[in-house]
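Put the complex together from the two separate chains, hints included.
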Amino acid sequence: MSAAALAALAPLAVLGAAAVAAMLATPVSPARGTRWLAGAGLALAATLWAARIGAPPVPATPLLVMDGVARFGGLYAAAAGLAALSLAPPREGPALLVLAVAGAAMLAAARHGAALLLGAELASLAVVGLAALGGRMALEAAFKAFVLLGMATALVLFGIVLLWAASGSLALADWPGEGLAGRLGLALLAAGLAVKLGLVPFHGWVPDLFEGAPPAAALISGAAVKGAAVLLLLRLDGMVQDPLWTGALIALGAVSIVAAMALAAVQARLSRMLGWSSVAHAGFAVALVGAGGSTFAVALYLAGYAAGLAACLAVMAATGGHDRIGDLAGLAGRKPGAAVALTLGLLALAGLPVTGGFWGKVYLFATLADAAAWIALMAAAAGTAAGVWVYGRFLVAVFTGTGADTGPVARAVLVGSTGITLVLGLAPALLRILVPAP
Amino acid sequence: MSLFLPILLPFLAGLAAPWLAGRGNRERLACIAGLLAPLPFLAWTAATGAEGGWLARIELGWLPDLGITFRLAMDGLSAALVALSLVLGAIAVLVSWREIEARSGVFHLLLCWTVATANGVFVAMDLMVFVFFWEAMLIPSFLLIALFGHEAREGAAIKYLIYNGIGGVALLAAVLAMAVLSPSGPTFDPAVIAADPPSPDIQVALLIAFSLALLIKLPALPLHGWLPDAHTQAPTAGSILLAGILLKTGAYGLFRFVPPLFPDAAVTLAPLGMALGVAAALYAGFVACGQRDAKRLVAYTSVAHMGLVLAGIAGGSAMGLTGAAIEMIAHALSASALFLLVGALERRTGTRNLDELGGLQSVAPRFTALFAVFFGAALALPGSANFVGEALVILGTFQVAPVVAMLLLAALVVSVIYATTLLRGVVFGTAPAGTRLPDLEAHEFWPLVVMAGGMLALGLLPQLPIGAVAGAVEAAGAGRLP
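Chains A and B, in that order, give the protein sequences. For the first sequence, position 438 matches number 438 in our numbering, and the numbering has no gaps at all. For the second sequence, position 305 matches number 305 in our numbering, and the numbering has no gaps at all.
Think of the hints as simulated: they come from the structure by calculation, not from any bench. Please read these numbers as outputs of a predicted model, since none were measured by experiment. Cβ coordinates follow ideal geometry from the N, Cα and C atoms, glycine included. Do not take every clue at face value.
To be verified - Now the stretches of chain B that chain A is said to cover, found in silico as 3 or more residues with beta-carbon under 8 Å:
| hint | region |
| --- | --- |
| 1 | 60 to 67 |
| 2 | 152 to 158 |
| 3 | 170 to 178 |
| 4 | 449 to 458 |
Stated by the list, open to error - So these bits of chain A aren't anywhere near chain B, every CB distance computed over 12 Å:
| hint | residue |
| --- | --- |
| 5 | Trp36 |
| 6 | Pro57 |
| 7 | Pro62 |
| 8 | Ser86 |
| 9 | Ala165 |
| 10 | Asp242 |
| 11 | Ala262 |
Unchecked claim - Example chain B residues on the side facing chain A (calculated, C-beta under 10 Å, incomplete):
| hint | residue |
| --- | --- |
| 12 | Ile100 |
| 13 | Arg103 |
| 14 | Val106 |
| 15 | Met128 |
| 16 | Phe133 |
| 17 | Ala136 |
| 18 | Leu161 |
| 19 | Ile162 |
| 20 | Ile208 |
| 21 | Ala209 |
Next up, chain B with everything else stripped away, as it sits in the complex (with noise of 0.2 Å):
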């Protein structure tokens, strides 16, 4: 039952945001009360729930004819990845109570059914549910850029809708072309594919469509065209939302799909897919330190902590799927903040130039606080848990091929340059004489320190994260399905 709420609350609530819109905040306050009603019942699953290497499974038929089931299914990474969506979905609401005033009853809906999408990508455990939810996260997201992002929003969102697309059409045509290779009869249950994967010769070419859609979606480099213009041109719940939950989807998916389905070909790929996790990392961290947008600056570093996500599953080794998960996690919240803190400084000042905005510390004692809170995180300081993270995925790279983990230490000193970027850029300096900046307001301020208080709790206490994902760590290792 707990499964389906994560979906459906807020399907519900954002179907009920037009009709609310108009006086008060009333869509506002359904929203965020559909985005958290589900989290006690997945606190209670995660707790009690037990179904062989799930916590919660769920069977209905949907069209037995074709072999697809609407199967669900969690265990703790995916209750993590729920919980996390979910929250990050209420902080969006939040963070947007006084940016979006125009068609709000739309900028909800949009917003709770890409959460509710993105849950249902997180949970799905039949692959037609898995392709469903996954080609459905598409088009309210992209209306969220469309719609309500900023001067240059079109050709953001199209370029968005084109690259996730193709890769959507990609991954439909793998996932019927393993189902129709089973040899026990159509089906779209991985577990009945994984015990029988496809031949070798077919894998690599399988392997490549299915994870086309998750690699221009994590995104890996050379696919990830589409995200520094997605995510500086969207709104800021829109850039909360695509940072940290829409790229942990591509992340997921090839986290718990790809070493059951494509057991030997994951092998033949590893390395290329370590070599494009390393090129992110270090490349868009190059990028990330020229640039002089500060939402684009903040897109880049997503690139860059995926890159390091990507190495980390492509290894393979135990420890750097744990950095990989605890990864996806700790970015999540750490990009989310520092999109946040930039799109509430753009609405304060009108820039997001670097150039312009400056001298923070002396007018905006929050803002500058926080802003030091999450500059730590972006460069993996210790007590954060992007380092757990980080060191992890690099010890774990270090078993396994220790050229890579030094190319990535290299990009963890990149990762200094950048993040020391933004925040001179930002929070140092004299703010031009007579400039009178409103801190951070309650809505803003109280989910950051939400936040930054989860992240340190994760990076000082590791063994919380390490624990929950070790169900998914350890099946992933053995290329089988919890």
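So that you can see chain A by itself, here it is in the shape it has in the complex (with noise of 0.2 Å):
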């Protein structure tokens, strides 16, 4: 391997270093000593991506090729990361999240068969084996997420197998093939991401992960976990020039869209909302890569979901489980920063100006109109006003009538995920530094 290669992994080998330096420190510190190496690993990951952006794409062995979209997506896991990493759970939890972020950045680097099973694997294992660890019915979620997501395995290895016999290679550059054996195996690896997405119909593991595992577990899986496998079919977008693929996305996207916002609707607990607008996400999101969206727009979808996501369980966290409406009621009295971080955070992902999630919408409306998508861009339409409804009706209880105490909330996230949500909001063109013109 040359040394540009090696560079090239070294973020991913920082990140596994860290997995088990954390591990290893359990013993002996169990919430603090984890923490602070886990966190260090994230951030020396981070650096390494960042410090890379712009540079020429570097092949490192057949499996993992470190460009744009890769770096990108290994930052924003890493971030993604570090804002969990102060929701997580003390002992192993620090370094299931490392382990975690290094699936999603290798399945945002994948340019072959193995990578991309190793990186979904690895991601959504120790997704299952955080969600596991405390929180109210966390057994339940962390055992529906399990069987659910070795669904997915099962359905993606059966898919790369078959666009194995079709091509005759593992690389992503040669799929699909010829032939029946090569779109049916391109259809089995789609619903196989589908799951780990959580897009209707495989989504049925998000909502009780959201409401049962702790925040972290449902932080990484909605925001690095989703984010990684969405740049992954970014790629293999770019790759497919068949238009049942490009319609299949959109259609999955506006039926996850629809069917999502409807149930997020109904939802009492604030938890269970914020999974079904996941759902919802995740749709909105691969109907953006289905229509043909860039990778800046990509990026910045992303981007603006992830720190809205991030303040809101950042929020939802310090409830500790009293997250119903009710409970909510009046945090605005209590805690006023952290009722200033659910709003805009509430705001990013209904996608009303001033936060970053606004940007986003207005890509995903221009791409499908772009893509005369119209009845996808209906229901995008549609999801978009129901989310007025869907968040709304928490946004007025945080400013309305009193509800039950709250605990501390992580400062650093607060503050950060704001941050970044007006940032995205009034500049958007700043993401550019990130994702730079090809």
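Below is the structure:
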């Protein structure tokens, strides 16, 4: 391996080492030591990725390529990991978190079936482990995620095998090859990825994960893993010239948006609502990719979504399970900072101006209109309109009435996510720094 | 430069308010300063500016790969509306001097940000910038109602949020569709889109989607459901901002952007627009006559007056457009003043019910005098700016559709009834024995005097406002941007 390839793989190596170190530190310093080690690893990996932004793509082993998409994906996953770190349960939490981030980063950099599988599995299993670490109904959430993500593994493997049979190669660039086997393989692969993304009708595990598992698991699965899967779909979309693939992605996205928003509208708990909203946002993102969104557009959407989700989850974590609408009532009076962050987070998820989520929605609507996907455009518009009700209910509750007391909120996450949301909302072109034009 | 100030200064003043609040009235003074400071610059630009058909124009890049430019432009109409919103904002701060004590910092932040975003709507000359400020208006005004309103504020706030939120999404979708369909590549520049409008068959669909948000805000029948509750439950300052500024954003959008961007569809749907306007003027007028809640009565009169504005805009004649523009300004002054008076009364008596109020004339002369002045404005007494506006609208509509003009005259008669109902319920009759009603205090009296003065000045010197909006009217009538 050349020095350049080793340098390109360095962030992943750092993450691996950090995970091992954090695991080893568990009996010695279960709360602080593990977090510091994991945090140091994540920060170092993020710096290494950021430092190479703008450099030409570096293929590292036949499995991975460190190009713009991979570097952004890695940076994005590491940032989400850092945000989730303050919400992570002690002992094994930080190590599992780092492993999930490593898996997501590998998924974003994959150019080979094996890397795809490795990354997806690492991320999913780490999320399952993280989910089981306490919280209400954690075991049930983790078990559901385990079973469904295991089914996803089977689908992905089957798809890869068929694609190998059709094209004679495991490299993404040679897919899908000729004939029915190739298309079938692609369909199965997409189905497996859809489970990981949480698209309808493979979404069964997502709302339970958000409700039962620790917020760190929800943030990592909702932001990092989902983002990586979207970026992988973006990479595949660039290689596959099949209109059926494009149409299928858009249709899957549109159905997810409508179904998930409809069900989010009747949720009484913030955590479960965020889970359904995550399904809807996966739909938005996949529709964007399918309609031919540029890397910048997808990156902007993901960044805006992750910032909003982080803010909401940070506040949700502080409620300690008392996150019904009635419990959140009057948060503005008790904890104004948390209320502001939750407001901006909900607005970012809804896609209202001043937040990064707005520009993501603008790009989404523009791309769908450009691709003449009118039904999907209407579905996206309806989903966004429904969002006014879905998020507005909680928004109103925060500012009216009186509810249960909340614990301390992770200030760093609040400030960071609020800052990113506002910066992206007012000057979205700044994201070009992280996603340079090719 | 002066185009940024009406947005930037109130925004900064609002941002500082929560930190300044707590001791003395620092945050109120800061907000008044932030709101009134742009006015001299505005006056200077209005007097000396000339950039093509505009008084001032600014263009900065924002998201070039989508064709979005941060473009602001101001002409006579938008300058008048921006000045109006700044003055009404300052009046709203004055009015809340005693009314809002708790969480005053947050209140002033929301107030200033509502004004700032509304000013952004008035000067936006790029469709995405327009949508940005339009949607940004939603949250501060919603929170103003939800946090500081009266007894049934939560339902009113949610209704406001949902109606206008859905409208905003439709607006965004329409703007994006227009940008994408423009033949010279995606662009959000209304001048470029107007040079090559979409084909007539999709123009109607696009116009409906585009104007949905504007008609909800106006509000036009049957999308007005949010207004009576929102205006009634909002705090006095909130009602002033809602009636005085926010409704005008809808009318402004219809005035400025519909004729150039949808020339064929505007002609096709003009009868519908006039019908909706007339229906609003008549229906809301009748409903207003039956109200016993004073604030709700004034809220319905707002719907009626804005129906008149809609009829004027939809008619498309020069006189009708001029009348609509003047009625926008006049109604802002008169409705805000009436909300101010009713709000002041509610604070003193604890009730808005017309059956319980009454006998003001014997105990509060200042109240009575100002009620009488704005009673005259509400029914468009000659001498008030409302008369100028309504007369021009009716004359203009008569040129296009005489039947509609007759119905608008009938609405004028109805306005006499509801204005008298309000006056009778509040001013006449005998006060219960031993009523000691403190008269208007300085911080309520002088803003009202200013508003009355402005309204009379515009009414007695109609050439002033007519000249100011002439450029905008001429452009709208010709179906282009100034």
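Hint check results:
1. 60 to 67: holds (count 6)
2. 152 to 158: holds (count 4)
3. 170 to 178: holds (count 5)
4. 449 to 458: Since three or more residues must qualify, the claim that chain A covers the region 449 to 458 of chain B is violated, with 0 doing so at under 8 Å.
5. Trp36: holds (34 Å)
6. Pro57: holds (21 Å)
7. Pro62: Given a closest Cβ separation of 34 Å, the condition holds.
8. Ser86: holds (26 Å)
9. Ala165: holds (40 Å)
10. Asp242: For A:Asp242, whose nearest Cβ neighbour in chain B is about 24 Å away, the distance exceeds 12 Å, so it holds.
11. Ala262: For A:Ala262, whose nearest Cβ neighbour in chain B is about 15 Å away, the distance exceeds 12 Å, so it holds.
12. Ile100: At 15 Å from the nearest chain A Cβ, B:Ile100 fails the 10 Å test, so the hint is violated.
13. Arg103: holds (8 Å)
14. Val106: holds (8 Å)
15. Met128: holds (7 Å)
16. Phe133: holds (8 Å)
17. Ala136: At 5 Å from the nearest chain A Cβ, B:Ala136 passes the 10 Å test, so the hint holds.
18. Leu161: Holds: closest Cβ of chain A sits about 5 Å from B:Leu161, inside 10 Å.
19. Ile162: With a minimum Cβ separation of about 6 Å from chain A (threshold 10 Å), the hint on B:Ile162 holds.
20. Ile208: Since chain A brings no Cβ nearer than about 13 Å to B:Ile208, farther than 10 Å, the hint is violated.
21. Ala209: holds (9 Å)
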